[in-house]
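K.L.:
Make a model of the complete structure from these sequences and hints.
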Amino acid sequence: MVNLVRIELENFKCFFGKKDVDIGLSNKNLVIFEGDTGAGKSSLLEAINWCLFGKYPSFETEKVRDFNLFSDQSIVDADIGEVVTCKVTLTFEKKDELENERISFSREMQVKRIKKPSLKKGTSYSPEVDEFFFVTQPGGVIQKFSAIKWEGYQQMPLESNVILTREKYFPQIVSDYYMIYGEKFIDPRDPEKIRLATERNCFGEIFDKIKDNLTLVKHEIIKNNAKKSNKREKLNELIKDQSSDIQTQKVKKENMELFKKQRTEMEKIISEIDKEMGKAEGNRANKLNSEREKNLLRIKELNKELKEKEKEIFGDGFKLLIKLYAEEPMKELFTELSKKVKEGEIPPKIKTEFINSLLKEKICICQRKLGKKESDILKEIRDENELADNSEEFLEMKYEINSELEDIAPSIEEHINKLSLIEKIRNERVELDERLKIISEELSGLKDMEKLEKERKILDSNKNRLDADIIILGRELEDLSKNIKNRDKEINKFGEIGSDESVKANVFITGLSNNIEKIKKEVIESTRKDIESYASEIYKDLFKSSTKIKKVELDEDYNVKVIIIQKDGKEYLKTKFSTGESLVFAISFLTALRKYSGYQGPIFLDSPYSVLDPIHRKRIALNLPESVPGQLIILTRADTFEDIKLKIKPYINKVITLEKEREWHTKISTSKI
Amino acid sequence: MGIINKNRVEGFKERVKKIANDLKLPEDQKKCLLELLEIEMKHPTFENDFVNRYLSIISAEGGLDI
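Chain order of the listed sequences is L and A.
Under my numbering, the first residue of the first sequence is numbered 1, with each subsequent residue one higher.
Under my numbering, the first residue of the second sequence is numbered 674, with each subsequent residue one higher.
Because the hints were derived from the structure by calculation, they are not lab data.
Here a beta-carbon is modelled for each residue, glycine too, at the ideal position from N, C-alpha and C.
Heads up, some of the hints might be wrong.
[Said to hold, decoys possible] Just so you have them, the derived chain L footprint on chain A, three or more residues with Cβ under 8 Å:
1. 688-695
2. 703-712
3. 722-736
P.N.:
Following this line, the structure appears as structure tokens:
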């Protein structure tokens, strides 16, 4: 097994300054990094992935992405001309008593401050990428990737260039399958990814490589043995074309795989964006917007209605007021008011409000009067004026009041109704205004959603373009493959001439190539079955005694099904998986894959426990170190790990605590449990 | 060391041997394939350096004078 024994970080994201994590070699296979949310667990995994593969997940442009890997503090502190280094070094050691081999991979980049910080008034400083210059390495690259190898204490030369060395220890594919980022693990619902992982990790590619090489060797033999010169020229041409087509085919195949991978990545990002936006959130914004539109429309209607009613009531009110106050000064006042409004000295609204307030006052009096018995009103007036019951003055007044009340009573009642209607409309308008305010506030909170939507649209269009490219490339590959096949027949005819040995060699290689294809199919098929059976055992082991699982099936198309035995003894085929179940499948599948692929390095699991309920968390945490051989590096939140820490103590090599000292400053401390 | 350790290479060769037997592959082809697998797993060939290595294996295992 190849174990990660040391991590050295320098100014990488939240790891400001130099930080060393000494894991060391141990028989215990579990290494735990614990820390709260934001302490730097995922950044540590990013550091590992960046160091080995130069990859890091992000939506930003390459330059900004590179710049963002530098610790904020290191950038903020840099003076003009100062060079800041961002570096990650990983040291791996082989756990073997007979051999002692060690290899360190390093990736680093440097920036130099060329401009003063751009401090905007009233805002806090945020470093800008154009304030810095990226120091370039030989070959014009900004990242320097290097490796040092030791045998015992002796430094050894690398067998080939650093990328090929890395490929030997940690093939590119490892980053996809052995570094599990949170929930982005192998998905049992993604048969294509499972197929690729199975076939590529289990030597499927070696057979292809041998077949390609054999074809080229065969051409070499045929070329050397073709007798007639005119034919040889033709053959040379054919072989030249064939080799260029094979080369093109190889490149196109790689491109195709890259495109498909990019597509998967895009889908992953899109699904993350969707997740982030939350369909419900998207619907919420739509719902709010439609409610807002509806409210605005209703307010418009209400305003119109209000205007009409006010106009109506103002006209009526005016007449009514004249009736109620049929006195000269009042008439004069209204005439004066109307004149001033006409001349533009007083806004019509003031006049309306003034009249309405007068009207309200008078209406209140009349309302009160109407609400009382006639006799009470009369009594009140008589008392007020200190009149005798049968006095002539009182009788006259009684008559006047009666006729006045009779006269205006219907108008007042109608008016009161209209006023209450206006009040109702106003109230409704106020309520709608308030609701609009709330909607606006909520909508401004959803503005980020618009950004995400925009991003998603761009990704969608890129994905469509990629889909079109994939189709075109697929057609090109099909044509190319036809050409190669036809040309091969022609070349083979040349192989039938020449020395007996060369003819025999041609026949031998052709036969071998055909058989290699058959063996490859069989190997992949048997590997699929082996992985199915091993993954099934681990899956059952991890779920030990919680559910009665008969087996995990990986069918010919790499669809995952779990056969569960129900309480009544009947079998149930499960094809839908929860997040927790997907995680358990991912762990089982990866362990099986590692067993059959010969990958010796560690498996990284980012926050595996947080997607599990406490019972399964405990069960799986306890079963994990026994079920999964080899180094297992788990990054976990302290609270989800606390209850199981002591129980898995015998398997733990080290617990490394990541602690957020202050914003973007992570403190690392190591302890043996 | 390397990603593919010695035991895995042997284990894988055994698996291929069994499949080759089941498929009734001629003995010389079987031997040749196993040799080539070992090369590619332990010391992978790269551009231009495979022809002579392949030729020598094919000659030896296929009993050919090429």
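K.L.:
Under a C-beta cut-off of less than 8 Å, do 3 or more residues of the stretch 722-736 of chain A approach chain L closely enough to confirm the stated coverage?
P.N.:
Satisfied; 6 residues make the cut.
K.L.:
How does the coverage statement for the stretch 703-712 of chain A fare against chain L, requiring three or more residues with Cβ below 8 Å from a Cβ of that chain?
P.N.:
With 4 residues in contact (Cβ-Cβ under 8 Å with chain L), the coverage given for the stretch 703-712 of chain A holds.
K.L.:
Report holds or violated for chain L covering the stretch 688-695 of chain A, Cβ cut-off 8 Å, minimum 3 residues.
P.N.:
holds (count 5)
Hint compliance for this structure: no hint is broken.
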